[in-house]
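Order-wise, the sequence lines are chains R and Z.
Reminder that position 150 of the first sequence reads as 150 in this note's numbering, one-by-one numbering, no gaps.
Reminder that position 532 of the second sequence reads as 532 in this note's numbering, one-by-one numbering, no gaps.
There may be inaccurate statements among the hints.
Unchecked claim - Restraint-style ranges between C-beta atoms, simulated for each label pair:
1) G142(R) / N248(Z): 35 to 41 Å
2) G465(Z) / E70(R): 41 to 47 Å
3) A539(Z) / G71(R): 46 to 52 Å
Stated by the list, open to error - Okay, derived cross-link-like pairs now, EDC-like style, lysine to aspartate or glutamate, Cα gap no bigger than 20 Å in a straight line:
4) K95(R) / E60(R)
5) K72(R) / D137(Z)
6) K194(R) / E435(Z)
Please keep in mind that the hints were generated in silico from the structure rather than gathered at the bench.
For glycine and all other residues, C-beta sits at the position ideal for the given N, C-alpha and C.
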Amino acid sequence: MGKNRGPRLGGGFLRQMMKSDAGQTRSRQLGSRQLGFGLLVAAAVALSAAPAAMGAEEAEVPNFVLKDLEGKDVSLADLRAQGPVLIDFWATWCKPCLRELPKVDSLRVKYAEEKLQVVAISIDETRSVSKVKSYIKTHDYGFQVLLDPNQRTLRQLQGVNVPYLVIISPAGERVYTHSGYREGDEKEVDRVLKELFAGAKAGAGGTAPKPGAPGGGE
Amino acid sequence: MSRAEEASRGAASDRQTAGRGRAEGVAPALPGAPALALGLAIGLVSPAGAQQLDLPGGFSATYQMEVSYGESNLGGGTSDAEPIFENWLDLSGTSGDFNMGLRFVAFAPPDPVIYPDGPDSYGFDFGFGEYLGKHFDARGGNFYALFGRGLALRSYENRQLRIDTNLFGFKGAVHLPDGELTGIYGPTVQGNAEDADRGWTEEMAGLDLEYGLPLGFRAGGSWVTTDVPTQGTTTSEPQNMKAARLSNTVQDVDLYAEFARVDGPATSSGSTAPNVHGTGFYAVATTAIGRLGLLGEYKDYDRLVFDNAAGIAYILPPAGLREHQYNLLNRHPHQLDTRDEVGFQIEATYNTEAILEQGKTSFLFNWAYTRNHDPDVQQGNHFDDVYGEISQDFANDALLVGGLSYQRSFDSPETPDPLLTLWTPLADYRRPLGERYGLHLQYEHQHASSDRLGSFDTEFIVIEGSRSPNLSVSMLVESTNKSDVQLALQGEDETFFLGGEVAYTLFDQHELTLFVGSRNAGFVCVGGVCRYEPAFDGAELKLISRF
Chain R
1 MGKNRGPRLG GGFLRQMMKS DAGQTRSRQL GSRQLGFGLL VAAAVALSAA PAAMGAEEAE
61 VPNFVLKDLE GKDVSLADLR AQGPVLIDFW ATWCKPCLRE LPKVDSLRVK YAEEKLQVVA
121 ISIDETRSVS KVKSYIKTHD YGFQVLLDPN QRTLRQLQGV NVPYLVIISP AGERVYTHSG
181 YREGDEKEVD RVLKELFAGA KAGAGGTAPK PGAPGGGE
Chain Z
1 MSRAEEASRG AASDRQTAGR GRAEGVAPAL PGAPALALGL AIGLVSPAGA QQLDLPGGFS
61 ATYQMEVSYG ESNLGGGTSD AEPIFENWLD LSGTSGDFNM GLRFVAFAPP DPVIYPDGPD
121 SYGFDFGFGE YLGKHFDARG GNFYALFGRG LALRSYENRQ LRIDTNLFGF KGAVHLPDGE
181 LTGIYGPTVQ GNAEDADRGW TEEMAGLDLE YGLPLGFRAG GSWVTTDVPT QGTTTSEPQN
241 MKAARLSNTV QDVDLYAEFA RVDGPATSSG STAPNVHGTG FYAVATTAIG RLGLLGEYKD
301 YDRLVFDNAA GIAYILPPAG LREHQYNLLN RHPHQLDTRD EVGFQIEATY NTEAILEQGK
361 TSFLFNWAYT RNHDPDVQQG NHFDDVYGEI SQDFANDALL VGGLSYQRSF DSPETPDPLL
421 TLWTPLADYR RPLGERYGLH LQYEHQHASS DRLGSFDTEF IVIEGSRSPN LSVSMLVEST
481 NKSDVQLALQ GEDETFFLGG EVAYTLFDQH ELTLFVGSRN AGFVCVGGVC RYEPAFDGAE
541 LKLISRF
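Just chain R, with the same shape it has in the complex (with noise of 0.2 Å):
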């Protein structure tokens, strides 16, 4: 390693394909501020209508890798292989978690038959992790619990705040996502799945519509 240095460029490169000189001046970045802008307008507009001009072709979510409560490894592979998948991120110091928790619980229970893999991963990082397998086990619930303490796989799964549902189809498609917690939700949650079985019967194992889509009802 060398001496104390001062600035000097790392992942600057990725600056380099907006700006060419690093050294500019803070009017210059005022006088650009209303192209930048533009650009994220016009980035927003085009990501929205990718989808109709792309055939709506579905994403697959990345795959992960945790660790759940005894320190095995569990990954999101290995979780659809058995089927759909619900996943609740949730932290033990987050309220609307808490009372979203036992409604997640209930749906695991209520969708059992149809192999609903329900996984609750927890972002609780290393100020409150030691909590979380206490808490679970004094509230007897039933559901896979994983750790993300540095919340890499929220951010992977698009995650910002929790709670943050996410539901996925044995495919790897993003079902459903819902972020907070109000009463009701998991009648949302609950409708959604329904939908999601129905078109999996339909299809005969083939992909589900989505909730909403033609095909999917309401």
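Use these hints to put chain Z onto chain R, whose structure you have.
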């Protein structure tokens, strides 16, 4: 997370001059206009009645934007109408075992509390490519890392706190039969997290090995090094962190202990010695006996400082504090100080269905205790926090919570140290109204007794209605009886705050939150790290979109 919930992660507090007013002559144009245009564009392009929209071919994007316009009390008696515009666009792609990611950020202007007088900036500030395999993982580009419980290394992003301590380089992990070997190498960040143009400073290298041992033990060891400037010179020297950890489950009791030692130039320890060492020890035991959960946690951090050459912390050990969810309990939070802090936390929880015929009753007791190593030290880390809570789940899904908190801490860094005592009773009631609607009422009262300020009381009320799954409307009211003298001593000028918030989710894909009104200053605290939010009077719009 709604304002009511986010506010419960941190709230108003005593004044810290965390930031000054922004520089004169900031462009008066409302920077929220592009953001509003963006939100509008999304709404217009999304066809009526359509379901959520996804990107094709394994690509996804998450867009997060916060824009506000209003008056912020930034301390020093200044109060200016200030626009703030912050946004992050995360793009990612997946193909088999390969992932890539790219993040575009724009701060125009950045939050003046986070980056006082910071210039407008935008650009790509994060990117990576990685392979996640059965036998090993490899990643190039920007990355985060966590060794053990964070005593040796904690590189992370927390957008609520506006902290991003990533590295740029290489990270690899080898999956062993009963363990894992992780290595990192790359420069670390310097500059402000809300500066898209921030640079890089000295490389950091580290190794971490965790392995299973006989009798159920798991052992781990970490080593991390980086160069830091030597005080009073223009040179730098290596700073080395070493840590060892051990864990096991004995008779249903989960045990974890970690010890860390850092050697190197004193960067933030306040010492002028050319070479100092610091130590840290953390241990925790937890168990569940039927419906009874017990936790005991001990911390001892003595000059455990591991900053990079730019003075940015790359460790974050457990704070040993309860993360409070109610607003007034976070008025005077204790911020983790790994330079000199010793203490413990104990917590007991119990839930039973035996008290009411239908429904569950839960009890919680928590005691967190923090001191300096020398209890007579001035301006110290003196913090007592005792909290008890009873909650009752009723058969109709209603929930009633009652809580009482006692907190005692130093009121300000003055000599002699004035102590502040807070008593806070609270009540929280939620109930469903029919299939889709819900009602939430929250009341908090706080009585403060301060050697410096005298006594005063504060009330905080939340009234919230919701319609599942996509709408909630809430009103937040705060009132205090502080005298003019007390307000002046704390740099405040308001005693009443009233705000309304609407949160709406479109197609389960776009989360829109609008706050209008005023709210008191506060802290958002996560893991003993707090972000100050000044008192605000204006409008604030937040948007999160997923594609």
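Hints, one by one, checked against the model:
Checked against the given bound of 35 to 41 Å, the beta carbons of G142(R) and N248(Z), roughly 25 Å apart, lie outside it. Our hint of 41 to 47 Å for G465(Z) and E70(R) holds, since their Cβ atoms are close to 42 Å apart. The hinted window of 46 to 52 Å between A539(Z) and G71(R) holds, with their beta carbons roughly 48 Å apart. Between K95(R) and E60(R) the CA atoms are separated by roughly 31 Å; this puts the pair beyond 20 Å, and the hint is violated.
Proximity of K72(R) to D137(Z) is assessed by CA-CA distance (about 17 Å); at most 20 Å being required, the pair is judged to hold. Between the alpha carbons of K194(R) and E435(Z) the distance comes to roughly 17 Å, so the proposed pair stays at or under 20 Å and holds.
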